[in-house]
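*Asks:* Sequence:
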Amino acid sequence: MIPDPVVDATGAPEDGPARPMPRPVSFRVTTPAPVDGSTRARSGVMSTPHGDVETPMFMPVGTNATVKALDPDDLHEVGASIILSNTYHLALRPGHERIERLGGLHRFMDWDGAILTDSGGFQVVSLGAMRTIDEDGATFRSHLDGSLQRFTPEHAIRVQEALGSDIAVCFDQPVPPHASSRAEVIDATERTHRWAERCIRAHQRPDQALFGIIQGGLEADLRAVSTTTLAAMPFDGLCIGGLAGDETPAQRRAALDVVVPLLADDPRPRYLMGLGSPMDLMDAVDAGVDLFDSVLPARVARNGALWVPGGRLNLRNARFLDDPRPVQEGCRCRACRSFSRAYLAHLFRADELLAYRLATCHNLTFTLDFMAGIRAHIRAGTFPRLVRDERARRAAFGIAAMDPDDRDTQVVTGAA
RNA sequence: GGGUAGGUUGAGCAGGUGGUGAGCUCUGCUGACUGUAGAUCAGCUGUCUACGACUGUGGGGGUUCGAUUCCCUCCCUGCCCA
Numbered sequence: 001m002i003p004d005p006v007v008d009a010t011g012a013p014e015d016g017p018a019r020p021m022p023r024p025v026s027f028r029v030t031t032p033a034p035v036d037g038s039t040r041a042r043s044g045v046m047s048t049p050h051g052d053v054e055t056p057m058f059m060p061v062g063t064n065a066t067v068k069a070l071d072p073d074d075l076h077e078v079g080a081s082i083i084l085s086n087t088y089h090l091a092l093r094p095g096h097e098r099i100e101r102l103g104g105l106h107r108f109m110d111w112d113g114a115i116l117t118d119s120g121g122f123q124v125v126s127l128g129a130m131r132t133i134d135e136d137g138a139t140f141r142s143h144l145d146g147s148l149q150r151f152t153p154e155h156a157i158r159v160q161e162a163l164g165s166d167i168a169v170c171f172d173q174p175v176p177p178h179a180s181s182r183a184e185v186i187d188a189t190e191r192t193h194r195w196a197e198r199c200i201r202a203h204q205r206p207d208q209a210l211f212g213i214i215q216g217g218l219e220a221d222l223r224a225v226s227t228t229t230l231a232a233m234p235f236d237g238l239c240i241g242g243l244a245g246d247e248t249p250a251q252r253r254a255a256l257d258v259v260v261p262l263l264a265d266d267p268r269p270r271y272l273m274g275l276g277s278p279m280d281l282m283d284a285v286d287a288g289v290d291l292f293d294s295v296l297p298a299r300v301a302r303n304g305a306l307w308v309p310g311g312r313l314n315l316r317n318a319r320f321l322d323d324p325r326p327v328q329e330g331c332r333c334r335a336c337r338s339f340s341r342a343y344l345a346h347l348f349r350a351d352e353l354l355a356y357r358l359a360t361c362h363n364l365t366f367t368l369d370f371m372a373g374i375r376a377h378i379r380a381g382t383f384p385r386l387v388r389d390e391r392a393r394r395a396a397f398g399i400a401a402m403d404p405d406d407r408d409t410q411v412v413t414g415a416a
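Start counting the first sequence at 1; every next residue gets the next number (the working numbering).
What the hints contain is simulated information worked out from the structure, not anything from laboratory work. Source: prediction; values computed, not measured. Cβ coordinates follow ideal geometry from the N, Cα and C atoms, glycine included. One thing to keep in mind: the hints can contain errors.
Here are the simulated distance ranges between beta carbons [claimed, not checked]: (1) E329 x S47: 33 to 41 Å; (2) P22 x R107: 21 to 29 Å; (3) P22 x D322: 55 to 63 Å; (4) A179 x T66: 26 to 34 Å; (5) D36 x R141: 51 to 59 Å; (6) E97 x L354: 31 to 39 Å; (7) D73 x T382: 29 to 37 Å.
In the DMTMM-like style, the derived pairs of lysine to aspartate or glutamate whose C-alpha atoms are separated by at most 25 Å in a straight line are [unchecked claim]: (8) K68 x D369; (9) K68 x E54; (10) K68 x E161; (11) K68 x D145; (12) K68 x D110; (13) K68 x E97; (14) K68 x E100; (15) K68 x D351; (16) K68 x E352; (17) K68 x D52; (18) K68 x D112.
The whole structure should be built from the sequences, with the hints applied where relevant.
*Replies:* Set out below in structure tokens:
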């Protein structure tokens, strides 16, 4: 049994390295998980230099210093209070030093809400065929021009400090759940731990928080070791990495059920990296997660799939060409306020740019309103019923199915 | 009217100078997408009694064992000249 780390309000162990106080990002749980154990869901507020973030919260992804197809006004309108951007992509183009010269990422993209930057660790996986990893770091072949790019924990921190995000994230080595042997998971996880320590030592910017990343794959003992190891370090928050991949919902839940109890008394936010489908989000909130990000709602929107209560509409389908109704009755988003399904269907067929903006507005509004609904239910004490009772869930969101082993929430009832 | 180039499965094409034309792109139909190399990718897109078979190269006729290919004739389209 690994002893509980001694933490102060920032999570720093007593014998850990000195960290500037007060921390730039603080987290306050306003509605703790109920003592009866009916759910581990909790609600709180994460304060950042660029505003408060209510949790549980979903962060839209803006890899290239833009949430694709949206401008900052759109982002505010859909309800975003924090977005995610990307270290690797911005370092390659336009270059973090350029962004720094131009006043930092917030000013560069004119976003006055909070920003969390991913470290480039995910690109260790996604650019897998174009990189090699050694103990010191990772060497990438640039996807833009083929040039060699060297990423180390120190460099990833330097880039994020230049970008000036509110929250920086450690450079890690995720492992693809099903493509890896136990030995590979151990190797990557232990390296991630060593890189985490290097990130802490490298990180200096006092107005920027730093989150560590828990790895450990799908095996409970490795997840547990990674959790307690990372929790013992003076991070401002803890990411849970290596999930939202090709694991089953049950496997993901099992991993979370290892991680979260080990952090039960930890005052820091828990952030599950990469999760984005509504049912997945609800289950992870139930498991005790506070923060999420994903490309999913924005990407599927650009590809014509609009999320509605009960499933999704593929607006490229012929049956919408004469459908005068809004995508979702009663939705407050830009698309639903003014336009019909028929119009959106036309825009997609004509490859009109407005299609991407309207569809993205809708799916992000849907996702963020869904999270707001979850927060309200947590605060009202009705969340456990929501998770377990399909009828309550349908009343709250109109969402029908939530079988933990069934990822298929795609039953379309919206066309009825 | 003369000349010339053509007519191939929704559209646009490739191919084939006597020995089994179902290939490509687009359109269309459907599905997928989870810390964004993604406004992307995948499957289907003549018919049927469907691991196979049939039909299909503008229409009609001819030569031939066999015609997209050779011959006759008609129709249609583009361009050039009158």
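*Asks:* Need the status of pair K68, D145: alpha-carbon distance at most 25 Å?
*Replies:* 22 Å, holds
*Asks:* Could you see if the CB distance from P22 to D322 stays within 55 to 63 Å?
*Replies:* Taking Cβ atoms as reference, P22 and D322 lie about 58 Å apart, which means the hint holds.
*Asks:* 29 to 37 Å was suggested as the range; check whether the CB atoms of D73 and T382 agree with it.
*Replies:* 33 Å, holds
*Asks:* Please verify whether K68 and D52 have alpha carbons no more than 25 Å apart.
*Replies:* Given pair K68, D52 holds - Cα atoms ~23 Å apart, limit 25 Å.
*Asks:* Check the following: the C-beta atoms of A179 and T66 are separated by a distance inside 26 to 34 Å.
*Replies:* About 31 Å separates the Cβ atoms of A179 and T66, which means 26 to 34 Å holds.
*Asks:* Return holds or violated for the Cβ distance of E97 and L354 against the range 31 to 39 Å.
*Replies:* 35 Å, holds
*Asks:* Between K68 and E100, does the CA-CA distance stay at or below 25 Å?
*Replies:* 22 Å, holds
*Asks:* Below or equal to 25 Å on CA atoms is what counts here, so check K68 against D110.
*Replies:* The hint holds at about 14 Å.
*Asks:* Against the 25 Å threshold, does the CA-CA distance of K68 and D369 hold or violate the hint?
*Replies:* 19 Å, holds
*Asks:* Measure nothing beyond the straight line between the CA atoms of K68 and D112; if it is 25 Å or shorter, mark the hint as holding.
*Replies:* 17 Å, holds
*Asks:* Please verify whether K68 and E161 have alpha carbons no more than 25 Å apart.
*Replies:* Judged against 25 Å, a Cα distance of about 23 Å means the pair holds.
*Asks:* For the pair we were handed, K68 and E352, check the Cα-Cα distance against 25 Å.
*Replies:* 15 Å, holds
Every hint from the earlier list agrees with this structure, and none is contradicted.
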